[in-house]
Amino acid sequence: MSSANAHNHHEALVHGHDEHHDDGAAHGSFKSYMIGFLLSVVLTAIPFWLVMGEVLPSKLATTAIILAFALVQIVVHMVFFLHMNTSSEGGWNMLALIFTLVLVVITLAGSLWVMFHMNANMMPASVHEMRNLP
Amino acid sequence: MSATAHAPGLAGDASRFYLKEEHHPQNGTLLGFWLYLMSDCLVFAVLFAMYGVVGHNYAAGPAPKDLFYLELVALNTAMLLFSSITYGFAMLEMARNRKRATLIWLAITGLFGLAFLGIELYEFHHLIHEGAGPQRSAFLSAFFTLVGTHGLHVSFGIVWLVVLMAQVRKHGLTVVNRRRLSCLSLFWHFLDVIWIGVFTYVYLMGVLR
Numbered sequence: 001m002s003s004a005n006a007h008n009h010h011e012a013l014v015h016g017h018d019e020h021h022d023d024g025a026a027h028g029s030f031k032s033y034m035i036g037f038l039l040s041v042v043l044t045a046i047p048f049w050l051v052m053g054e055v056l057p058s059k060l061a062t063t064a065i066i067l068a069f070a071l072v073q074i075v076v077h078m079v080f081f082l083h084m085n086t087s088s089e090g091g092w093n094m095l096a097l098i099f100t101l102v103l104v105v106i107t108l109a110g111s112l113w114v115m116f117h118m119n120a121n122m123m124p125a126s127v128h129e130m131r132n133l134p
Numbered sequence: 001m002s003a004t005a006h007a008p009g010l011a012g013d014a015s016r017f018y019l020k021e022e023h024h025p026q027n028g029t030l031l032g033f034w035l036y037l038m039s040d041c042l043v044f045a046v047l048f049a050m051y052g053v054v055g056h057n058y059a060a061g062p063a064p065k066d067l068f069y070l071e072l073v074a075l076n077t078a079m080l081l082f083s084s085i086t087y088g089f090a091m092l093e094m095a096r097n098r099k100r101a102t103l104i105w106l107a108i109t110g111l112f113g114l115a116f117l118g119i120e121l122y123e124f125h126h127l128i129h130e131g132a133g134p135q136r137s138a139f140l141s142a143f144f145t146l147v148g149t150h151g152l153h154v155s156f157g158i159v160w161l162v163v164l165m166a167q168v169r170k171h172g173l174t175v176v177n178r179r180r181l182s183c184l185s186l187f188w189h190f191l192d193v194i195w196i197g198v199f200t201y202v203y204l205m206g207v208l209r
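As they're listed, the protein sequences go chains B and Z. Be aware that the first sequence starts at 1, since it is given in the numbering used here, and climbs by one per residue. Be aware that the second sequence starts at 1, since it is given in the numbering used here, and climbs by one per residue.
Each hint should be verified, as a subset may be incorrect.
Per the computed footprint, the stretches of chain B lying under chain Z, defined by three or more beta-carbons under 8 Å from a beta-carbon of chain Z, are [what the hints assert, rightly or not]:
hint: 1; stretch: 44-51
hint: 2; stretch: 58-64
The calculated lysine to aspartate or glutamate pairs, modelled on DMTMM-like cross-linking and capped at a C-alpha distance of 20 Å, are [to be verified]:
hint: 3; chain 1: B; residue 1: Lys31; chain 2: Z; residue 2: Glu93
hint: 4; chain 1: Z; residue 1: Lys99; chain 2: Z; residue 2: Asp40
hint: 5; chain 1: B; residue 1: Lys59; chain 2: Z; residue 2: Asp66
hint: 6; chain 1: Z; residue 1: Lys65; chain 2: B; residue 2: Glu89
hint: 7; chain 1: Z; residue 1: Lys170; chain 2: Z; residue 2: Glu93
hint: 8; chain 1: Z; residue 1: Lys65; chain 2: Z; residue 2: Glu123
What the hints contain is simulated information worked out from the structure, not anything from laboratory work. In this text the structure is predicted, and so the values were computed from the model without any measurement. Backbone N, C-alpha and C fix where the C-beta goes; we use that ideal spot for every residue, glycine too.
Next comes chain Z alone, as it looks inside the complex (with noise of 0.2 Å):
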């Protein structure tokens, strides 16, 4: 087992380190990936400060309370939440090594990321149709542009996933596959975190202000 589990470029204490973090250190992937999130957790700071700076500033056009239907934004919000929930069904099933149920968990979180993806783009489109578009203010600018930027990290996880859906399907639960699957989810909990913020900061307090 020992022998086996002992790659090269891991130190000499690499089988106790691996009994304890299972397959995670046996390559860099997943730390470089957690990387990348990080350096996209700083896009995503400047675009708040950017929205916290400039999101007063109505130009004698709408606020955020004439704009914003919390209703929507509930039903948004729980979207995301249930597609993480499933995501991480398919996590365990894929741990359990049951290819078919993992790929119907798959399934399931991508139809949640478009029903959440499709309630935004409904959102945008109202907005937009009402004249507030992103040209009307510097608050709506930035709203479109921090709320945009997530959405399009939902549509490009969603592509992400559907890419790894036929991977999974054509060659099974591989080692390379199971990597995948692991940043898939990072990036996916990760975009839930990014809408807490978002949800928090541009819609409940800009109702409330």
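Same shape as in the complex, but just chain B (with noise of 0.2 Å):
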């Protein structure tokens, strides 16, 4: 175990030396941490902006903008800080990231489809709050 370290250790520190080009690119560089930070900020600024301001006159416009922004700012953090790629673990990592997120699409669209047509089916005292909501 501990020799095995030592190895390990060794081999960290002559990559470390020899190979430091390619361990920044796998762990990302300097200048990909920026992209993502500096996208991650626009991205987080226009929606804070169009519902602090007020911009669009449409709420569904806006919450369509919102969430499409919050979308691609999450794959902004995936790719750039989580360092996401198809090829790192083999593809593994990439595997049970899709199956994640098949099984959270599941959950959230199922249980809001679910909740929100029962409400509508088998509370009829409350279709009127339902016909109220915003």
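Reconstruct the complex from the two isolated chains, following the hints.
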């Protein structure tokens, strides 16, 4: 165990000196972190500006736009901060992520769909309430 | 080189795989940690779904529009974003084998994390003080559960960060500590990803409706 650690440690040092460029590529570089950060700032600032400044007259349009910005920002974080790509860990990272995303979509969309239809179908008293939802 | 890289359990093409991937595949820790994060993601998905289902039930109490100060949320978001980039800088210094700089960036990350927590606790205190505690309505129960769970994750992240700083200080940037720092990096950036969902879905869309 300890000899294996010593090997690995030695190796990390070798990598650190000789293959610095590759190491940077595997873990992100200053440039990639800064790109990710600047994109995140822009992608965060615009939704806040849209909502706080009440820029658009349509709430539906604002909602759609900020949701789209959130999705883009999540991808930006995944790529630039979490270093997701199709080849890390032999692709298992990406596979696990895709599987999780499928489950997340089923959980979210399924819950909302089922629960709001249940409201409408099973509780007539609340139909009025449902109509008044903004 | 390939002789030292060849670990038991790896296939015959290990050296080639190794050169492409650096030291990631040396063991399954990072993949395992990623799988944990994915399961954590499901926890948050369920909490988001719950908030989506009951988030409109105000029980004649206050609505998001009456409660949320977006200026405060924007400040909070900035704290978390800054902590993400400073953790990135810590990882870059770690790759360069500079222990002191790594520790400094980790400390700055921790301070931003604490600022985030402080602002969130201030907000919670303010809400509860106004009578908008978790018992007030289904909306507020869901809100406190979702945002509180995220805050709890950040708290444990900070504890982990402090522990790792002590480890790095004592033992240096060993392979084991590098691996731990890489895991915490995933955790920390993952929490930022969850926060994107929180500020968009809970705060911004809450104020919109």
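Evaluated hints:
1. 44-51: Since 4 is at least three, the answer is holds.
2. 58-64: holds (count 3)
3. B:Lys31 to Z:Glu93: holds (14 Å)
4. Z:Lys99 to Z:Asp40: violated (31 Å)
5. B:Lys59 to Z:Asp66: Roughly 17 Å between the alpha carbons, so the hint for Lys59 (chain B) and Asp66 (chain Z) holds.
6. Z:Lys65 to B:Glu89: Roughly 44 Å between the alpha carbons, so the hint for Lys65 (chain Z) and Glu89 (chain B) is violated.
7. Z:Lys170 to Z:Glu93: It holds: about 17 Å lies between the C-alpha atoms, which stays within 20 Å.
8. Z:Lys65 to Z:Glu123: holds (14 Å)
Hint violations for this structure: numbers 4, 6, all remaining hints satisfied.
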